[in-house]
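K.L.:
Which chain is which? The protein sequence lines are A and B, in order. Under the numbering used here, residues 81 to 250 are what the first sequence spells out, in order. Under the numbering used here, residues 20 to 120 are what the second sequence spells out, in order.
Since the hints were made in silico from the structure, they are not lab data. Keep in mind the model is a prediction, meaning the values are calculated, not measured. For each residue, glycine too, the CB sits at the ideal point set by N, CA and C. Among the hints, erroneous ones may be present.
[Claimed, not checked] Per the computed footprint, the stretches of chain B lying under chain A, defined by three or more beta-carbons under 8 angstroms from a beta-carbon of chain A, are:
| # | region |
| --- | --- |
| 1 | 21-35 |
| 2 | 40-47 |
| 3 | 50-59 |
| 4 | 63-73 |
| 5 | 80-92 |
| 6 | 103-111 |
[Unchecked claim] From chain B, some residues computed to sit far from chain A (all C-beta separations above 10 angstroms):
| # | residue |
| --- | --- |
| 7 | 98 |
| 8 | 115 |
| 9 | 116 |
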Amino acid sequence: MADAVFLALTVITIGSAIAALELRSLIYGSIALMGTLGGIAGFFFLLDSPFVALFQLAVYVGSIAVLILFTVMLVRRELIFKNIEDRRRKFAGLALMLVTMVALGAVFLDSGIKTITTDEPAAEFRDIGMSFVTYYWPALILMALILAGSVTGSLVLAKREDVENDQRTS
Amino acid sequence: MTNELVDFTLVSVALLGIGIYGLAVKRNFIRMLFAVEIIINAANLNIVAFGRYLSHAAGESLALFSIAIAAAEVGVGLSLIIVAYRMYQNVDIADFRSLKG
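Chain A on its own, in the form it takes in the complex:
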């Protein structure tokens, strides 16, 4: 049975996930998204994975949420508060959500994972670091290249060509 910390984290995570999608202002929505990401980090702490939890806090709450917040601030003011959706689509989306939740939940509750319990100690971060530099080193290098490529790609995409042309002519 789940304990009180788990239930509190569940309420925070799911509540702020709904708030992130449904709050009228995109700025408050992105702050609510920070709540969801932080709640997931709390779940990682509960799962005895403090390394992943701190990574999640540093990468998601620390950088991605702030990046999203700054992008929202670049958008025009009336678009931040404008809510664009049709009613029929909303009901269809709600039905899709319920079908997904009920179907997957029924599958999980019916399967054998209810009997899985563990008493073994959690994996230490030394093991994770060791496996990163021994077994997973090609994946690590590939990930570094992907990150470098995506940062370069997003810089190239967001570059303003008109400003550069102005500077060239003057």
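Assemble chain B onto chain A, guided by the hints.
P.N.:
Okay, now just chain B, sitting in the frame of chain A:
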């Protein structure tokens, strides 16, 4: 451990449902990115939970890789939002029609 694997899995299913709802209903590009983030986090939670209960360090390693790749994805997605906003002065995906046949 007092919490069971199925609890974490059910939270992850709920987050996945919310993310699918947002992706299907919202027409705002930034909100759709929020929904994608929620789905990715549900997946990460599942990965770490299964790795913990099956007593394997690979779950945490995979979650770390997944978080890093998601960071790259968000960076590219946000710059696409900026480009699209500059072209159309809007974030409604119904307006982004230059690729429509």
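K.L.:
Of the hints given before, which are not true for this structure?
P.N.:
7
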